[in-house]
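As given, the protein sequences belong to chains A and B, one line each in that order. My numbering numbers the first residue of the first sequence as 1 and each following residue consecutively. My numbering numbers the first residue of the second sequence as 1 and each following residue consecutively.
Note that these hints are calculated values from the structure, not bench results. Quick caveat, the model's predicted, so the values are computed rather than measured. Just to be clear, a hint being listed does not mean it is correct.
Stated by the list, open to error - Computed cross-link-like contacts, DSBU-like style, restricted to lysine-lysine with a CA-CA straight-line distance of at most 30 Å:
#1 B:358 to A:263
#2 A:27 to B:144
#3 B:355 to A:27
#4 A:255 to B:355
#5 B:410 to A:20
#6 A:20 to B:204
Said to hold, decoys possible - Stretch-level coverage of chain A by chain B, calculated; a stretch enters the list once three of its residues show a Cβ under 8 Å from a Cβ in chain B:
#7 19-29
#8 83-93
#9 225-236
Unchecked claim - Simulated restraints, written as ranges between beta carbons of each label pair:
#10 B:370 to A:157: 56 to 64 Å
#11 A:99 to B:212: 18 to 26 Å
#12 B:376 to A:188: 26 to 34 Å
#13 B:249 to A:255: 16 to 24 Å
#14 A:129 to B:230: 43 to 51 Å
#15 B:394 to A:94: 28 to 36 Å
#16 B:249 to A:168: 40 to 48 Å
A virtual CB, placed ideally from N, CA and C, is assigned to each residue, including glycine.
In case you want the letters, here they are:
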Amino acid sequence: MFEIVRKVHLTDKIWLMDVKAERVAAKCQPGEFIIVRIDDKGERIPLTVCDYDRGAGTVTIVFQEVGASTTRMKELNEGDFFADFVGPLGRPSELISTPLNELKEKKILFVAGGVGAAPVYPQVKWLHEHGVDADVIIGGKTKDIIILENEMKAVAGNLYIATDDGSYGINGNVTVAMKQLVYEEGNKYDLCIAIGPVIMMKFACLTTKEMGIPTVVSMNPIMVDGTGMCGACRLMVGGEVKFACVDGPEFDGHKVDFDAAMKRAKAYQTEEGKAMLRLQEGATHHGGCGMCGGKD
Amino acid sequence: MAIEVNILKKVPIREQDPKVRATNFEEVCLGYSEEEAVAEAGRCLNCKNARCVGGCPVSINIPAFIQEVKNRNFEKAADIIAEASALPAVCGRVCPQETQCEGVCIRGIKGEAVSIGKLERFVADWSRENGYVPKKDVEKKGKKVAVIGAGPSGLTCAGDLAKMGYDVKIFEALHEAGGVLTYGIPEFRLPKERVVKHEVENVKKLGVVIETDVIVGKTVTIDELFENEGYEAVFIGSGAGLPMFMGIPGETANGVFSANEFLTRNNLMKAFLDDYDTPIKRGKKVCVVGGGNVAMDAARTALRLGAEVHIVYRRSEAELPARVEEVHHAKEEGIIFDLLQNPVEILTDENGWVKGMKVIKMELGEPDASGRRRPVEIPGSEYEIECDTVIMSLGTSPNPLIASTTGGLKTGRKGIIETEKETGRTSVPGVFCGGDAATGAATVILAMEAGRAAAKGIDEYLSNK
Numbered sequence: 001m002f003e004i005v006r007k008v009h010l011t012d013k014i015w016l017m018d019v020k021a022e023r024v025a026a027k028c029q030p031g032e033f034i035i036v037r038i039d040d041k042g043e044r045i046p047l048t049v050c051d052y053d054r055g056a057g058t059v060t061i062v063f064q065e066v067g068a069s070t071t072r073m074k075e076l077n078e079g080d081f082f083a084d085f086v087g088p089l090g091r092p093s094e095l096i097s098t099p100l101n102e103l104k105e106k107k108i109l110f111v112a113g114g115v116g117a118a119p120v121y122p123q124v125k126w127l128h129e130h131g132v133d134a135d136v137i138i139g140g141k142t143k144d145i146i147i148l149e150n151e152m153k154a155v156a157g158n159l160y161i162a163t164d165d166g167s168y169g170i171n172g173n174v175t176v177a178m179k180q181l182v183y184e185e186g187n188k189y190d191l192c193i194a195i196g197p198v199i200m201m202k203f204a205c206l207t208t209k210e211m212g213i214p215t216v217v218s219m220n221p222i223m224v225d226g227t228g229m230c231g232a233c234r235l236m237v238g239g240e241v242k243f244a245c246v247d248g249p250e251f252d253g254h255k256v257d258f259d260a261a262m263k264r265a266k267a268y269q270t271e272e273g274k275a276m277l278r279l280q281e282g283a284t285h286h287g288g289c290g291m292c293g294g295k296d
Numbered sequence: 001m002a003i004e005v006n007i008l009k010k011v012p013i014r015e016q017d018p019k020v021r022a023t024n025f026e027e028v029c030l031g032y033s034e035e036e037a038v039a040e041a042g043r044c045l046n047c048k049n050a051r052c053v054g055g056c057p058v059s060i061n062i063p064a065f066i067q068e069v070k071n072r073n074f075e076k077a078a079d080i081i082a083e084a085s086a087l088p089a090v091c092g093r094v095c096p097q098e099t100q101c102e103g104v105c106i107r108g109i110k111g112e113a114v115s116i117g118k119l120e121r122f123v124a125d126w127s128r129e130n131g132y133v134p135k136k137d138v139e140k141k142g143k144k145v146a147v148i149g150a151g152p153s154g155l156t157c158a159g160d161l162a163k164m165g166y167d168v169k170i171f172e173a174l175h176e177a178g179g180v181l182t183y184g185i186p187e188f189r190l191p192k193e194r195v196v197k198h199e200v201e202n203v204k205k206l207g208v209v210i211e212t213d214v215i216v217g218k219t220v221t222i223d224e225l226f227e228n229e230g231y232e233a234v235f236i237g238s239g240a241g242l243p244m245f246m247g248i249p250g251e252t253a254n255g256v257f258s259a260n261e262f263l264t265r266n267n268l269m270k271a272f273l274d275d276y277d278t279p280i281k282r283g284k285k286v287c288v289v290g291g292g293n294v295a296m297d298a299a300r301t302a303l304r305l306g307a308e309v310h311i312v313y314r315r316s317e318a319e320l321p322a323r324v325e326e327v328h329h330a331k332e333e334g335i336i337f338d339l340l341q342n343p344v345e346i347l348t349d350e351n352g353w354v355k356g357m358k359v360i361k362m363e364l365g366e367p368d369a370s371g372r373r374r375p376v377e378i379p380g381s382e383y384e385i386e387c388d389t390v391i392m393s394l395g396t397s398p399n400p401l402i403a404s405t406t407g408g409l410k411t412g413r414k415g416i417i418e419t420e421k422e423t424g425r426t427s428v429p430g431v432f433c434g435g436d437a438a439t440g441a442a443t444v445i446l447a448m449e450a451g452r453a454a455a456k457g458i459d460e461y462l463s464n465k
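Chain B on its own, in the form it takes in the complex:
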């Protein structure tokens, strides 16, 4: 059955109806069928100087894999992606393609860009459903590398190093691998069993060992990994885990959560499933403070738990840091956006539970250092809104545990580990870093890019040692 293609437009992607999905945790986007993927692949111009490859942080050979999809050689397509990415099913779902590969696609000049992200996801999902694992033989180097954190940067770095022949062990602090893919991004955007676990298994199939329940900096230090356990290089991919709060009155009240806590309870501890022990507060009216992707994730999770949900953001819609697709999905599902306002106090009842917020209205002033217009309070505009749950989604900073227990490791602003971007080198020889621990909170794909760069840096370092 051939699919009719309007060459200027993407082959539409099937999604769960907003009204239905607002009540469940199933994945929102249903992905392309084979026919749809082949049809969409046909829109690719197979440019000689493909700009999309330059737009991809891990430089996937995009036109090459899309040509294979077009010719129905899905295994070959998977092989091409695997050369550059260890987590295609994840990236196809959560990368901000509109500002990367698709943002520079030639098709996008006159019409819509080729749907590169959805095609990548199709290839990854096809591989999983058909049991295909891209692989190649490697010669062992007999050298041990430790990777700290089984999140996007750690998994990528470990996968690349294993492919080069190193013996790699990942130390993970939590009881499950995946990092933010497991505890942060919700089920309806990134299915855990089907997608995340499978990607982690693929990394393990490369020979990578994952030891959970090890908090590097506490359970064992980097210095001890070198001295006692025979590691010759260490990659720090510990992320940015510490949530920030506003410091306003009432913030320790019952019913105030960090987005991290709210999402962790749901995603990692599966509080939304009845047969798990961890409780979660199901609010009736929830205010999420902040406008990033994490704020959207928290809001859409609260909505699925049955609440009326408001996003409270101090700037206007144009400045929302979240991906356009996430804002669009949130609105479709019925999230209410209260823009240009900022909480100044959280109001509590006599038992210490949240009963509302005092909010002040804002207007936009001159652009600040980030280039975005600075929000300015409008004096005397405070008013109260009623709510029973407040979720603070204001960003995160790196956990100081590793830096404070590793001799000579230099850190900068907010505890970020000083790192050379091209190689992942830190101030300590043999210690490399990447992802949020090196940059502060950013995206999954940028962490993966850093993991790849560090794998190259580690290989270079160990080859010359």
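This is chain A alone, in the form it adopts within the complex:
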């Protein structure tokens, strides 16, 4: 059993929790993820590590309420327990194994879309603690769903906010902000790390390809066990089948087949897909996949 020691309502449908999980807190690194299960009947939900406190033995997770399981999850309070909290899973960010002198010469740009700010944060923080200040763009549809702005500001070099509706920061999506930084302001970047919805990562990668900036993305497909056992999370990367859980979750963004990944995720998101799932999964479909956006 793993205790929730802190719960914060970040914005709209996004929540943050610190969970007491000493083994995980002792080992986890930026880029890795954990799997959490609410109770005996819950799904195994994969979430990227947002922060950790090795001394206190806690791990911070951020999640968005999108389906039945995450709705149940947000109803848990401080002092409640998760049945399971397992990890760290996946491979840590490559930044961590890159020699520091190499990193210090690099100009790095992070691009975070929506709740993607959560997995970006520990990487920026880790770099900051090692004397490297990276630039960060946080993008979202509107001002209300921008999260972790203050936390990010404390560890980033320059922080830029971009909103699709122009309600805050740069008026436009993250690619507009990227183009502004590179083409208009003349910034040069040696590496981009883009994390967010698949569609955002796709367009961020198209933009960096045009700019000639190597780009890393973090994929978050549907998973069951998260240890390499089921293969549900498989993706096409550079023409090869890869498992996000053991080969990733971070991949070379210029090699990922985003269209195939979106098709795989989309079936759970569109009305048509939902109807199909209702038909095919019958009473077993509860929207708990976390992808279809609701209980229907």
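Please arrange chain B on chain A, whose structure you already have, making use of the hints.
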């Protein structure tokens, strides 16, 4: 009430009617009653040089326990089995007895072998129903051994070590103990609550502690178990968990599953029960690619979820690697076997869902390295079949996590950990291995045999240390 016995034939076992069971997840085989078990035990010749014992990977004293059944001393029968096996209710259900103990039974020369597996199952079920736990007092050795994986090899190794007096902790990656017994083999073959959980509880009663949610290699490494947590030996029983795919076009489409995913969603996550959250796709027409026991399990599960199910296998019926009983049950339930064919492409609709497979017909050529005749494609014989779900059941390989994080641990083909069969020793002193992690995908009983051998190897190593 005496049961009439034809000495040449097994006392028949009661099974659920195929038509009824095809629609439920209840156990197919109903087991012997006391009277039936006693009658069947009476068929045993109690051979002096019992060949069945040699046929059993864990060397259960088979004639001795059967004599006790015959005399209605069921507790004594349980004690005799417990000397050799920690999981009798499981083995009585899933061992391939026809090629092991029953395969060499003298009764089998003129008629049918004694139904050893069903008698073992009877004794285990009787013990559970009557609350009997075979046990003996042990003297503690004050030495800690870590076991990785709570599957058949890990549970066996841990049980044996606990009986020798070691302090044993099992680290399990998933949220429940049992390994393949929990996530792989379906409910209708191996009931989880009634049988698997009970066997796990029995291992715990020996003093074994199980910590779930620990992925050795990630959460903690073997090197750290030695250095920081005071363990003096480690047994790796992490199984062969990584599913293989064919590498054909369309394999990432929606509606293509590995057998592992399909079975895990059902068995571990209980997707077939309405009050659990995990969804499962209930196909209308399902093709299972492969011919092993896992393929049969996946096919029979899909059938129970309401689909028309085809097994697509590239060789002929004679080469099917599945147990004869499993193939027989699958056919009885209405699984259709499409033999001598192999998919070359998975066809998808505009939304990325499976709509069929392009399949090529095969014929058998010369025997290959495995001794089985090699399937050869018949050029130009491709045709399309319609289906909405494809389940790939092509085998598995060991997870590389442990080998890649343990200093000096040598691996061979497909990431299999190099292991000395008799003792379970690996290339690292104090680290032992057994089961699928050491052999590649095999059976429950062979994993148990390896767990036992390693327990002996560990005892020897720690006694001389």
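Verification of the supplied hints:
Restraint check for residue 358 of chain B and residue 263 of chain A: the C-alpha separation of about 21 Å stays at or below 30 Å, so the hint holds. Under the criterion of a C-alpha separation no larger than 30 Å, the hint pairing residue 27 of chain A with residue 144 of chain B is consistent with the structure, at around 23 Å. Pair hint residue 355 of chain B plus residue 27 of chain A does not hold up; C-alpha atoms about 44 Å apart against a cutoff of 30 Å. Taking the CA atoms of residue 255 of chain A and residue 355 of chain B, the gap is about 27 Å. The hint holds against a cut of 30 Å.
Our distance criterion of 30 Å between C-alpha atoms is broken by residue 410 of chain B and residue 20 of chain A, whose separation comes to about 36 Å. As the CA atoms of residue 20 of chain A and residue 204 of chain B are separated by approximately 26 Å, the hinted pair is consistent with the 30 Å bound. Counting residues of the segment 19-29 of chain A whose beta-carbon sits less than 8 Å from any beta-carbon of chain B gives 3, enough to reach three: the coverage restraint holds. Proximity of the segment 83-93 of chain A to chain B, defined as three or more residues with a beta carbon under 8 Å from a beta carbon of that chain, is established by the 7 residues found.
Only when three residues or more bring their CB closer than 8 Å to a CB of chain B does the claim for the segment 225-236 of chain A stand; here the count is 10, and the claim holds. Checked against the hint of 56 to 64 Å, the C-beta distance between residue 370 of chain B and residue 157 of chain A comes to roughly 60 Å, which is consistent with it. Hint check: residue 99 of chain A to residue 212 of chain B, Cβ distance near 38 Å, so the stated range 18 to 26 Å is violated. At about 58 Å, the beta-carbon gap between residue 376 of chain B and residue 188 of chain A misses the expected band of 26 to 34 Å.
Between residue 249 of chain B and residue 255 of chain A the beta carbon distance is about 18 Å. The supplied range of 16 to 24 Å therefore holds. At roughly 32 Å, the beta carbons of residue 129 of chain A and residue 230 of chain B sit outside the given window of 43 to 51 Å. Between residue 394 of chain B and residue 94 of chain A the beta carbon distance is about 31 Å. The supplied range of 28 to 36 Å therefore holds. Taking the beta carbon of each, residue 249 of chain B and residue 168 of chain A are about 45 Å apart, inside 40 to 48 Å as hinted.
Violated hints, listed in ascending order, are 3, 5, 11, 12 and 14; each of the other numbered hints is respected by the structure.
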